[in-house]
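As given, the protein sequences belong to chains A and B, one line each in that order. Going by numbering that gives the first Met the number 0, the letters in the first sequence line up with residues 0 to 226, in that order. Going by numbering that gives the first Met the number 0, the letters in the second sequence line up with residues 0 to 240, in that order.
Hint data in this document are derived by calculation from the structure and do not stem from the laboratory. Positions of the beta carbon are idealized from the N, C-alpha and C atoms, including for glycine.
Which chain A residues face chain B? A few, computed with CB under 10 Å, are given here:
id : residue
1  : G48
2  : G76
3  : D78
4  : M95
5  : L102
6  : R104
7  : I143
8  : G144
9  : L145
10 : G150
11 : C173
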Amino acid sequence: MKPCWICNLGLMPYEQALELQTRLAFLRYKKAIDDILLLLEHPPVVTLGKFGKIENVLVAEDELNKRGISLCRSNRGGDATFHCPGQLVIYPIMDMRSREGNLRRFLSDLEEVVIEAIAAFGVQGERWSEHPGIWVEGRQIAAIGLHFVRGVSMHGISLNVNPELEDFRVINLCGMAGKEATSLTRITKRGVTVEQAAEYVRGAFSAVLDVRLEDISRSQVMGEVLG
Amino acid sequence: MKQSKDSNKNPACQGEKLSRRDFLRHAGLVTGGIAVTSMAVAAGCTDGDNTTTPATTPPTTTKPTTTPTSTVNPTTTPTTILPTTTGNGDFIYVPPTSNPELVDVVGCTSKVAADRLYSEEHVWVKPLENNLAVIGMTDKMQLLLGLVERGELVLNLVGTELEYDGWLGNFEGQKMNVDMYSPVTGIIIQVNDDLYINSRVLESEPYLRGWLYVVELSKPEELDNLLDPIEYATAQANPNA
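With these hints in hand, go ahead and build the complete structure from the sequences.
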């Protein structure tokens, strides 16, 4: 098993996390650090992929702002996505040059991580070939979008644990009108915490990606790694 | 905190800008446009007055008839072809009809054509006469991407000034976005319009009909920094070296 750091960043704004990923990806590209898995939550934010369509954001930006929701353009693949507290965001910064398989395989592996993690709660997640991500009974429980820069992955997959699902109505999920989001809490009808979900995600990530996870603190990542 | 062997060299932490030569040495870009079902014209490219200045005689270009948009209209006829460095009329690149000879390196599982140069980031460069070169994506790129359907390849326009290690193009598909980087500096004088009609050649004929651009090189000496076929194939066989 190859080593991979894992860091729980807690609540971090999207732009700050994007900057952090960019710098970590550069370091990984230079082989100055090992692969690193970031687990975090974002304050409410709508993000658009590099070629995402603004018309898939159903609420004007000033109205979003009134609701305390930011709007950001991203460099990841995919269309509109909504992030908020209660959603576990999983960002693996991994060097594809050191991995077997292709990029599509890596995306599929991330989907598998979520499938295995939510199975621990008795939830059966499914892939939808037309729209990558994880779906449960036609509702999206995890959204995925990746960017590869010089062989290193950025962004990843986000699992709805216990977010306010009504807030997801500000976008067309995956650019599709009428699709709804769901969550572990909603499906299981019991309270599930992000921390609980993170533990299962951690185990599934190690198994599926075949890595040995080593904890690194947020202060170490922000201070020592980035200088 | 675990230290990697290069952790004492941390240009990002020191604010040191990565040199372009370092990019060539260390690159291993995983990008690739494979199966492209449509093409999009990149926003932000130069258009209008294409009176860019190459290293030699300024070309006379025709203004692109394609308007930069986010998606391609396959029925739109893109611009006709390009100028020459000598000003002797239009230049039209016609790819060979027969497959190039391949190199054989143990451990290299992708096809590597023996008649061109390569960047470590899976872009091939085939020098032509008069400081021109054809650029395309390697077989390795399309294997890495692993997508045959529903992808979009975003390319630059004719007249775009490419910078070494600058943006060459982008592949978007299946929730993934992959950037490509130019191994040369120059001006795009031709874009492979046939890709609008048959994008699958990116997968089936990456070294023949799957070419992307013809570029007028403004720094031909950059070709010296590229890998020869054996070097490139060897790098594929030893990715962790």
